[in-house]
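Trainee: Numbering (my numbering), first residue to last: 1 to 431.
Since the hints were derived computationally from the structure, they do not count as laboratory data. Ideal placement from N, C-alpha and C gives every residue a C-beta, glycine not left out. You may find that some hints are simply not true.
Ranges between beta-carbon positions, derived for each pair [said to hold, decoys possible]:
id, residue 1, residue 2, range
1, L67, G105, 18 to 24 Å
2, K400, G138, 36 to 42 Å
3, R383, G297, 32 to 38 Å
4, S34, G371, 52 to 58 Å
5, G195, R336, 40 to 46 Å
6, E93, M385, 29 to 35 Å
7, G291, R427, 46 to 52 Å
8, V249, H401, 25 to 31 Å
9, G246, N266, 34 to 40 Å
10, N266, V136, 28 to 34 Å
11, T369, R336, 35 to 41 Å
12, G170, R383, 36 to 42 Å
13, D396, I39, 37 to 43 Å
14, E367, T429, 44 to 50 Å
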Amino acid sequence: MKSTLFHPRLLLVGLLLLPAGLLGEELSIELDLSEGEWIERNYPLALAVSNWPQANEGRLAIVIDDLDVSDLFRRESDRLVYRPELMPLPRGESEMVIYLVSADGGWTELARHPIRVRQPGGFEAVSARPTLDIEVQGTHDPEGGDDQNGQTETRATGQFRLESSALRQGWAYGFEVGILGVSEREEALRFSTDGKGAPQIDLSSYLATVSNGGYRLEVGHVSVGQSRQLMSGFSSRGLSLALPLGSRVTFGAGVLNGTQVVGWDNLLGLSESQHRVDTASVGVELLSRPGGLRLDGTWLDATILPLSNFGQGNLQDREVSSGWGVSLQSSTGGGRFALRGGFSRSTFTNPQDLLLGQGSELVGVVEETRGAQFAEIDLNLFRTMMGEGDIPVSLDLSVKHQRVDPLYRSIGASVSSDIEENGGELRATVG
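Could you put the whole structure together from the sequences, leaning on the hints where they help?
Mentor: Written as structure tokens, this is what we have:
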């Protein structure tokens, strides 16, 4: 007769009825958030628990940034759900750690999850850095004044600056502002133009930015232009915009005041249409590798009235400038070869200014259209390592050419006219 005590079917049923811990299944904790997801302070975090620990195995403890919040979770079936109505989640980026606390008081880490909670206004990150500099100067004249103690004068200058930034759903926001205050009106920012009406506390600069990837909008004191001989780093108060048009094309535009301005008036710098610099540019990556071969085009249209920059006392003349330029740059991935070149065409004139002439007969300036060009090549002839100490040795060749026609001028770039330069450089480097 065969014994049925260890029948295979009975053994299988017995294994299925054993506690899960005896089969070697580990306790695991999963958080109901996607990687990098940002949540609000009142979000009910949920932890999915598999193979819940038995009473004799211990209990679960949950810690957020060194604060034990276990009592703020309630059990719902196979989940632990946070109760934000009792205590909202901490703002910013934190780390949540789940432990198994044994009966003898030992703590074993089971899981670790980052949590990201938005700042006020729904922002994911907010920062602000204010600074205040105060300078006090005193002078004493022992022979001045009406008494024997002499005369003492004190001057004070204060500079306040604020830099702030915020991030929300991929959009980055930035704001910078500078304010200057002086005790003596003669030292005010706009004293040279406004005289006794110049404010003693004035806005020296500000810049507000909004960006997301290749999109960027700037308002305030901006700098635009990458065309070396037509529109290069022109800075003033105004607007600038950068837009990606697909993966290889970028578009940029700027509208700026014709001179440097400060103060609370004319915040955008665009109140005078006849004192403005307008520019636009298009860049195209001709190869799939960025920087492999790039073509850029720039357009400029500018009119400047006879107004000086703040703090500047020179005599200005009305100027009109327009033009276009193209540039090409290329480089190899290893940096052994680089090419930069460009050509610009600019039309410039000084229209007649009756105020400047003061009734005198002046010789009229003829409108001139002139060109400018440049080319640069950088070539690494060889690189090697020498000696037992692996000393780097390299030999580089640079060739440069620049030509600017007589009477060439552009409001958007500071370029000397009537020049032609050709040169080269051979440079050896050891160590």
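Trainee: The structure should be examined with respect to each hint, and the outcome stated for every one.
Mentor: Outcome of the hint check:
For L67 and G105, the Cβ-Cβ distance of about 19 Å falls inside the hinted range of 18 to 24 Å, so the restraint holds. Checked against the hint of 36 to 42 Å, the C-beta distance between K400 and G138 comes to roughly 53 Å, which is inconsistent with it. Restraint check, R383 to G297: a C-beta distance of roughly 35 Å satisfies the suggested window 32 to 38 Å. Our hint of 52 to 58 Å for S34 and G371 holds, since their Cβ atoms are close to 56 Å apart.
The given range of 40 to 46 Å is broken by G195 and R336, whose C-beta atoms sit roughly 60 Å from each other. Taking 29 to 35 Å as the suggested C-beta distance range, the pair E93 and M385 does not conform, at roughly 44 Å. One distance hint, 46 to 52 Å for the beta-carbon pair G291 and R427, is violated here, with the actual separation near 22 Å. Under the hint 25 to 31 Å, the C-beta atoms of V249 and H401, about 29 Å apart, fit the expected range.
As the Cβ distance of G246 to N266 is approximately 36 Å, the hint placing it in 34 to 40 Å holds. At about 32 Å, the CB distance of N266 to V136 agrees with the hint of 28 to 34 Å. A beta carbon spacing of about 39 Å between T369 and R336 agrees with the range 35 to 41 Å that was offered as a hint. About 40 Å separates the C-beta atoms of G170 and R383, a value consistent with the hinted range of 36 to 42 Å.
With their beta carbons about 53 Å apart, D396 and I39 fall outside the hinted range of 37 to 43 Å. The hinted range of 44 to 50 Å is satisfied by E367 and T429, whose Cβ atoms lie roughly 49 Å apart.
Comparing the model with each numbered hint stated earlier shows that hints 2, 5, 6, 7, 13 do not hold.
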